[in-house]
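Here the sequence shown stands for residues 1 to 527, numbered as in our numbering.
Listed next, with one range per pair, are the computed distances between beta-carbon atoms:
| no. | residue 1 | residue 2 | range |
| --- | --- | --- | --- |
| 1 | R496 | S219 | 35 to 45 Å |
| 2 | L88 | V6 | 48 to 58 Å |
| 3 | D199 | W417 | 23 to 33 Å |
No lab work stands behind these hints: they were computed from the structure. Idealized CB from N, CA, C, for every residue including glycine.
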Amino acid sequence: MTSQLVGADYTDGALLPNYVNGRVLVAEDLATGQASLRTRDQRVGETAGAGVVRGLWVSGSQTTLSVDAGLAMSAAGEPVVVARPVTLQLTFVTTAAMVDRSDFSCCTPDATDGQGTDLAAGILLLVARPACRLDGRAPTAGPPTGAESPGCAARWQVEGVEFRAVALPVPAYVAGEQLTSGNRRNLVAHWCYGTEQLDALGADPFGFPTAWTGFDELSAADLTPYDVPLAAFSWDGSSIADLDNWAARRRVSDPRPVPSSWAVTVSDRRLADGEARFLQFQDQAEELVSRGLAGSAVAPDHFGLLPPVGFLPVANQQFAQMAERAYRSARTEERKGAEHTEEEQVTEELAGEWAKRFVGAPEEAESAAATGTGTSKVYSALGEVAESSVGYGYDPEEFFGPLARLGGFVDWELAEWALEQSWRRPPVSTSQDVVDDDIDEVPGMQTHVDPNRLHRIRQSPITYYYVLPNLLSAAYATKARRQAAKKKRAEVGLSRSNLYVVFTSNIQWALGSEPPAIPYPLSSFLR
Numbered sequence: 001m002t003s004q005l006v007g008a009d010y011t012d013g014a015l016l017p018n019y020v021n022g023r024v025l026v027a028e029d030l031a032t033g034q035a036s037l038r039t040r041d042q043r044v045g046e047t048a049g050a051g052v053v054r055g056l057w058v059s060g061s062q063t064t065l066s067v068d069a070g071l072a073m074s075a076a077g078e079p080v081v082v083a084r085p086v087t088l089q090l091t092f093v094t095t096a097a098m099v100d101r102s103d104f105s106c107c108t109p110d111a112t113d114g115q116g117t118d119l120a121a122g123i124l125l126l127v128a129r130p131a132c133r134l135d136g137r138a139p140t141a142g143p144p145t146g147a148e149s150p151g152c153a154a155r156w157q158v159e160g161v162e163f164r165a166v167a168l169p170v171p172a173y174v175a176g177e178q179l180t181s182g183n184r185r186n187l188v189a190h191w192c193y194g195t196e197q198l199d200a201l202g203a204d205p206f207g208f209p210t211a212w213t214g215f216d217e218l219s220a221a222d223l224t225p226y227d228v229p230l231a232a233f234s235w236d237g238s239s240i241a242d243l244d245n246w247a248a249r250r251r252v253s254d255p256r257p258v259p260s261s262w263a264v265t266v267s268d269r270r271l272a273d274g275e276a277r278f279l280q281f282q283d284q285a286e287e288l289v290s291r292g293l294a295g296s297a298v299a300p301d302h303f304g305l306l307p308p309v310g311f312l313p314v315a316n317q318q319f320a321q322m323a324e325r326a327y328r329s330a331r332t333e334e335r336k337g338a339e340h341t342e343e344e345q346v347t348e349e350l351a352g353e354w355a356k357r358f359v360g361a362p363e364e365a366e367s368a369a370a371t372g373t374g375t376s377k378v379y380s381a382l383g384e385v386a387e388s389s390v391g392y393g394y395d396p397e398e399f400f401g402p403l404a405r406l407g408g409f410v411d412w413e414l415a416e417w418a419l420e421q422s423w424r425r426p427p428v429s430t431s432q433d434v435v436d437d438d439i440d441e442v443p444g445m446q447t448h449v450d451p452n453r454l455h456r457i458r459q460s461p462i463t464y465y466y467v468l469p470n471l472l473s474a475a476y477a478t479k480a481r482r483q484a485a486k487k488k489r490a491e492v493g494l495s496r497s498n499l500y501v502v503f504t505s506n507i508q509w510a511l512g513s514e515p516p517a518i519p520y521p522l523s524s525f526l527r
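Put together the whole structure using the sequences plus the hints.
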């Protein structure tokens, strides 16, 4: 045996009754044992991490909030359990009446006096926390002396949950973006994420605060370790607006045992915030589709900040027009029979390969490649895809405006990879000025751009792409299936489009440095 005891400490240790025959047990002993076991459970809960485990989705009407059944874990390690859906009325808050417990009448259930207070208007955070109340009545025996008459006590401690609305001190500007009635939902969410504080991380990571989210600005009395945030919303005294789950809702994240400025760089909570930011955008974008507002939506009107990666269902007009223009241009070039440059030859060969997928007939693709019609075959097939695609969605050119440019095609693997890498990347401001730069006049830029393609480019902060598997799935469908699906979707009304794009913010690299790049020639197909 090589280990040796070097010390021990029993200060404030758990007290558990030592049960032996003949011992006299009193209520205090049993209560102390219960409290010790509860503390042990609480510590186990803390090791699991805080957040929503399942359920607890919040929906609302004009004056009520509904919370689905579910389970969450508070930062204090206490479970928050909603056994069945709960509806919360916001027009008043009921308070419990005081009951006289001086005699046996206290064995009757508590009553309420029906009085309440109005919920103050403002931007609010709905939180849930565990609660406990006494229920039922059990008679108690009088003392052996008989000096006092028998009484009663509560029979059960019933565990439950209580909901509170906490006022959020959201300023007029969040991360430099002015709060408006249109973008309030989005910017309130970014206030909760701590977007503005994270902007300063790169300036001094050694001195970055260990508390950076908007929730960290709330007082300990307003947001306790026992509270689990569920949703943020606006309340004007008579109606609910801008209800958003992902502004507050987080998955369970690992505890953060790093008591230093580097906590933000290694914290699992940072990743959970990034995931919530992405889901907040997707949820709000989907709501605009369901309300019939997506087709004319402009990003700055609804979003002060966009996530670094997102997905948008799109209407087929833009894609159909691009395919048609590209098809006509390709046919013109094919008829001319002009000599191709090296770049055009590579594109032609790639087009021939992709014609096999879109055309679906290898012999026809080989014929197309032999006659120099591969490119037009691809665009013709893409035109058919666009024609058969139906559903309601965004117009990317209208939605992004100068903020984004079309990048072409991308595989799903790259789209998913970009999403997974985005949790820590900063969002994109929708109010920034976007200008055209002549890359010939930018020192050093020529070293990063193909000399054959030097031209005026728009310095857009976002690039969006059509996703190949999405297009291929439509291309493989038979005409009959397309028509049947088109008819079915047309009957639904505002159904989501079966075409979508993925957008990603462009990473800025210093001039003179060599950025990592993934060559993807297919992006040149839709120039």
